[in-house]
Amino acid sequence: MSDVPESEPAAASGARRSNQPALVLHVPEPRYRPGDHVDFSDLALPAAGEARRPDIAVDPAEIRDLPYSLVRVIDPAGKAVGPWAPRLSAERKIGMLRAMLLTRAYDDRMYRAQRQGKTSFYVKSIGEEAVSIGAAEALDPGDMCFPSYRQQGLLIARGWSLVDMMCQIFSNEGDRLLGRQLPVMYSAKQAGFFTISGNLTTQYPQAVGWAMASAIKGGRRIAAAWCGEGSTAEGDFHAAMTFAHVYRAPVILNVVNNQWAISSFSGIAGGEGTTFAARGIGYGIASLRVDGNDALAVHAATEWAAERARANHGPTLIEHFTYRAEGHSTSDDPAAYRSAEEPPAFPLGDPIVRLKDHLIAAGEWDEARHEALIKETTDEVRAAQREAEKLGTLSGTRFNHPFESIFEGLFEEMPWHLREQQAQMLREVRAAGIEAVKP
Amino acid sequence: MTAMNMVQAINSALDVCMAADPDVVIFGEDVGYFGGVFRATAGLQKKYGKTRAFDTPINETGIIGVAVGMASYGLRPVAEIQFADYIYPAFDQLVSEAARLRYRSAGEFTAPLTVRSPFGGGIFGGQTHSQSPEGIFTHVSGLKTVIPSTPYDAKGLLIAAIEDNDPVLFFEPKRIYNGPFDGHYDRPVQPWAKHPAAEVPEGHYVIPLGRANVVREGEAMTILAYGTMVHVVAGVLAEHGIDGELIDLRTLVPLDIDAIEASVRKTGRCVIVHEATRTGGFGAELSALVQERCFYALEAPIERVTGWDTPYPHSLEWAYFPGPVRVMEALKRVMES
Ligand SMILES: Cc1ncc(C[n+]2csc(CCOP(=O)(O)OP(=O)(O)O)c2C)c(N)n1
Chain R
1 MSDVPESEPA AASGARRSNQ PALVLHVPEP RYRPGDHVDF SDLALPAAGE ARRPDIAVDP
61 AEIRDLPYSL VRVIDPAGKA VGPWAPRLSA ERKIGMLRAM LLTRAYDDRM YRAQRQGKTS
121 FYVKSIGEEA VSIGAAEALD PGDMCFPSYR QQGLLIARGW SLVDMMCQIF SNEGDRLLGR
181 QLPVMYSAKQ AGFFTISGNL TTQYPQAVGW AMASAIKGGR RIAAAWCGEG STAEGDFHAA
241 MTFAHVYRAP VILNVVNNQW AISSFSGIAG GEGTTFAARG IGYGIASLRV DGNDALAVHA
301 ATEWAAERAR ANHGPTLIEH FTYRAEGHST SDDPAAYRSA EEPPAFPLGD PIVRLKDHLI
361 AAGEWDEARH EALIKETTDE VRAAQREAEK LGTLSGTRFN HPFESIFEGL FEEMPWHLRE
421 QQAQMLREVR AAGIEAVKP
Chain F
1 MTAMNMVQAI NSALDVCMAA DPDVVIFGED VGYFGGVFRA TAGLQKKYGK TRAFDTPINE
61 TGIIGVAVGM ASYGLRPVAE IQFADYIYPA FDQLVSEAAR LRYRSAGEFT APLTVRSPFG
121 GGIFGGQTHS QSPEGIFTHV SGLKTVIPST PYDAKGLLIA AIEDNDPVLF FEPKRIYNGP
181 FDGHYDRPVQ PWAKHPAAEV PEGHYVIPLG RANVVREGEA MTILAYGTMV HVVAGVLAEH
241 GIDGELIDLR TLVPLDIDAI EASVRKTGRC VIVHEATRTG GFGAELSALV QERCFYALEA
301 PIERVTGWDT PYPHSLEWAY FPGPVRVMEA LKRVMES
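Here the protein sequences line up with chains R and F, keeping their order. Everything in the first sequence is counted per this note's numbering, starting at 1 for the first residue and increasing by one. Everything in the second sequence is counted per this note's numbering, starting at 1 for the first residue and increasing by one.
Hints in this document: simulated from the structure, not taken from any laboratory. Positions of the beta carbon are idealized from the N, C-alpha and C atoms, including for glycine. Among these hints, one or two may not hold up.
[Said to hold, decoys possible] So the derived list for chain R, only partly shown, Cβ under 7 Å to chain F, looks like this: (1) H26; (2) A47; (3) I94; (4) S171; (5) F194; (6) G209; (7) M212; (8) A213; (9) S231; (10) G267; (11) F403.
[What the hints assert, rightly or not] For lysine to any residue, the following SDA-like pairs were computed, each having C-alpha atoms within a straight-line distance of at most 20 Å: (12) K46(F) <-> A335(R); (13) K332(F) <-> K79(R); (14) K50(F) <-> E364(R); (15) K50(F) <-> A431(R); (16) K50(F) <-> G159(R); (17) K47(F) <-> D15(F); (18) K47(F) <-> K79(R); (19) K79(R) <-> A335(R); (20) K46(F) <-> P28(R); (21) K47(F) <-> E364(R); (22) K50(F) <-> M70(F); (23) K50(F) <-> A20(F); (24) K189(R) <-> H238(R); (25) K194(F) <-> G179(F); (26) K47(F) <-> Q20(R); (27) K50(F) <-> K79(R).
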């Protein structure tokens with residue numbers, strides 16, 4: 001086979017450099033595939049307490065080392081060490097632990113509900129709970145979150161109703177979004193939680209715009225956005241970074257690097273030989289890389305970035321280094337593309353266990369209380385599910401919302417063509433004897 | 001001949017093209033090692049290597065942009081956009097670049113690329129896994145648009161698309177990947193194996209772009225459809241014993257206008273069915289063409305059955321989907337007038 005397609009003019013064929021090696025295309029490959037034995041012992045992870053903590057007013061040019069380091073607080077013995085160790089009361093840390101346990105129990109039940117055919121789709125955040133909950137605890141309740149589909153922990157940490165969330169999962173009568181959105185695509189304005197899009201990374205420039213608006217109006221509230229490392233490849237990520245820097249927007253841009261997009265690893269997202277936090281350097285944005293399984297580190301980094309934003313020093317990019325412990329969603333099976341040994345071997349541990357160990361080491365917690373809290377949160381989720389299911393679950397043949405509702409709320413006022421279509425729909429379904437409204 | 005579902009037929013088309021032409025390369029999100037979220041590219045990386053079948057970053061602009069660049073070098077890229085709902089970031093590269101390379105360089109550069117993308121609803125995918133954006137692209141000068149409705153057609157059309165020297169959008173109706181769907185969501189799913197068009201030759205064959213398929217000959221009316229809707233309409237005709245002539249357009253641009261004209265002249269009635277939204281949809285173009293060319297043969301107003309002009313809802317998707325009830329109502333209307 002010739003290296004040159006027939007259409008290529010001979011002059012461009014490279015004949016002049018025939019004594020040089022031929023070009024080769026590099027296609028990144030993860031270290032481990034199904035069946036491989038996994039060994040992460042050479043993964044260089046800075047120790048807890050190692051990363052320095054600059055002043056919140058620091059010039060981003062002064063901290064170009066931090067995107068390649070790792071902010072970690074909880075050491076292997078469970079002690080909170082170093083300059084980033086947040087001064088948090090036991091009560092607040094236990095609150096975080098509770099929100100993490102609640103999120104895990106919630107994920108477990110909703111995942112099972114999908115498997116039982118009660119809904120069409122679900123996305124867990126198992127192993128990544130600290131990313132959302134550490135941040136939610138550090139932000140003010142009025143700060144606006146622009147999440148991806150894996151930040152259910154934000155809602156839970158902000159005390160949002162589990163029943164309300166479940167009703168969305170079941171697209172049932174209680175679903176405030178009227179069954180319009182795919183499960184997990186929540187919207188909760190009252191909780192400062194922006195409507196989730198299925199299209200990746202669109203929320204990133206929107207968060208910047210919201211933050212710019214807050215600055216234009218001389219407000220006090222800041223914005224925060226989240227996306228996966230895979231999503232940083234989208235153009236919207238780069239649009240957001242540019243605008244955030246140009247206008248010094250009071251925004252925190254979070255990248256949740258859980259190592260895998262769907263089947264593609266972080267190298268396909270551009271992570272080989274660099275970090276996602278380091279993206280910020282070229283944009284002139286202050287950037288931190290954080291142990292995403294260390295709730296105290298996430299809290300500390302978010303608090304730093306929030307103070308920085310509130311003091312008009314501009315945006316911060318935070319990479320949360322973590323690991324997606326299970327499948328991407330209910331639609332995939334990770335056994336087809338990654339080694340089954342990877343999740344337990346990834347050297348960050350379980351974020352819940354790490355916070356628990358810290359609390360125990362600090363003398364603020366014990367096994368018995370932990371067991372009791374697991375039971376309490378599991379019961380709470382069960383009870384919520386019973387409530388939510390009273391309002392129905394998703395079913396292909398029993399409709400939880402009136403047919404005509406699909407035309408409502410597209411525009412503030414319904415134009416003639418939609419009114420006509422709505423009337424036509426009702427005529428046709430009635431003629432066919434289909435019950436258009438809930439039986 | 002082997003019985004294939006539509007995913008297998010698409011995979012086979014890619015395999016045949018990659019074996020025949022080393023310039024054919026395939027890529028997209030999750031396309032390489034994993035073989036695509038719908039498994040359409042399964043096994044191809046293993047067979048042809050990582051530089052001919054590979055994963056891309058999640059950036060649709062980039063996927064189509066590099067496809068244009070590769071095509072300008074002389075390759076025949078086949079890019080996958082994971083869901084048609086995610087094609088919009090690539091809009092500029094398709095509309096301003098791929099579509100116009102040949103024209104603006106007076107033939108110096110061309111873009112012989114194919115963009116495969118699953119589209120359409122019926123899988124409880126909500127508004128971002130259900131859309132039918134074909135009308136947005138048929139509106140653009142310089143893009144061909146192909147939509148198969150059977151495994152046999154999918155393979156022959158995809159090979160034709162890849163071998164075509166112009167950019168082709170190849171939308172795959174994902175609801176019928178695994179079996180034809182007559183729109184009765186409350187009945188068991190039929191597998192392709194029982195359908196005659198699941199018999200697919202293993203080797204190379206081509207279904208020329210721009211040729212419609214008369215699925216069923218009839219006298220009562222002409223029904224123009226494509227993709228999933230072909231099966232919905234066929235089901236209605238069979239169930240109600242209606243002698244309609246069903247035309248599967250297969251290619252929207254370039255359109256088989258001769259087949260349409262001949263049929264409408266014969267039947268004098270025309271119903272257009274697509275799942276995409278109504279306003280400015282491809283059905284509007286079809287309706288205008290039929291009116292312009294067959295006005296004096298028409299005995300009834302042209303009817304359109306389409307998705308409603310709203311986003312695709314999640315739980316009420318069967319209220320949105322233009323199913324058998326709505327198709328039948330339209331057939332009645334053209335027969336009665
Ligand atoms: C614009 C767009 N392209 C593609 C997809 C399909 N898709 C959904 S999730 C996903 C992977 C995202 O990975 P990552 O950003 O790393 O987030 P994670 O799921 O790991 O949290 C892909 C490709 C999409 N939803 N939107």
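Each hint tested on the structure:
no.: 1; hint: H26; verdict: violated (9 Å)
no.: 2; hint: A47; verdict: violated (32 Å)
no.: 3; hint: I94; verdict: violated (37 Å)
no.: 4; hint: S171; verdict: holds (4 Å)
no.: 5; hint: F194; verdict: violated (16 Å)
no.: 6; hint: G209; verdict: violated (18 Å)
no.: 7; hint: M212; verdict: violated (22 Å)
no.: 8; hint: A213; verdict: violated (24 Å)
no.: 9; hint: S231; verdict: holds (6 Å)
no.: 10; hint: G267; verdict: violated (9 Å)
no.: 11; hint: F403; verdict: holds (4 Å)
no.: 12; hint: K46(F) <-> A335(R); verdict: holds (17 Å)
no.: 13; hint: K332(F) <-> K79(R); verdict: violated (76 Å)
no.: 14; hint: K50(F) <-> E364(R); verdict: violated (53 Å)
no.: 15; hint: K50(F) <-> A431(R); verdict: violated (56 Å)
no.: 16; hint: K50(F) <-> G159(R); verdict: violated (47 Å)
no.: 17; hint: K47(F) <-> D15(F); verdict: holds (9 Å)
no.: 18; hint: K47(F) <-> K79(R); verdict: violated (51 Å)
no.: 19; hint: K79(R) <-> A335(R); verdict: violated (35 Å)
no.: 20; hint: K46(F) <-> P28(R); verdict: holds (15 Å)
no.: 21; hint: K47(F) <-> E364(R); verdict: violated (58 Å)
no.: 22; hint: K50(F) <-> M70(F); verdict: holds (16 Å)
no.: 23; hint: K50(F) <-> A20(F); verdict: holds (17 Å)
no.: 24; hint: K189(R) <-> H238(R); verdict: violated (26 Å)
no.: 25; hint: K194(F) <-> G179(F); verdict: holds (9 Å)
no.: 26; hint: K47(F) <-> Q20(R); verdict: violated (28 Å)
no.: 27; hint: K50(F) <-> K79(R); verdict: violated (46 Å)
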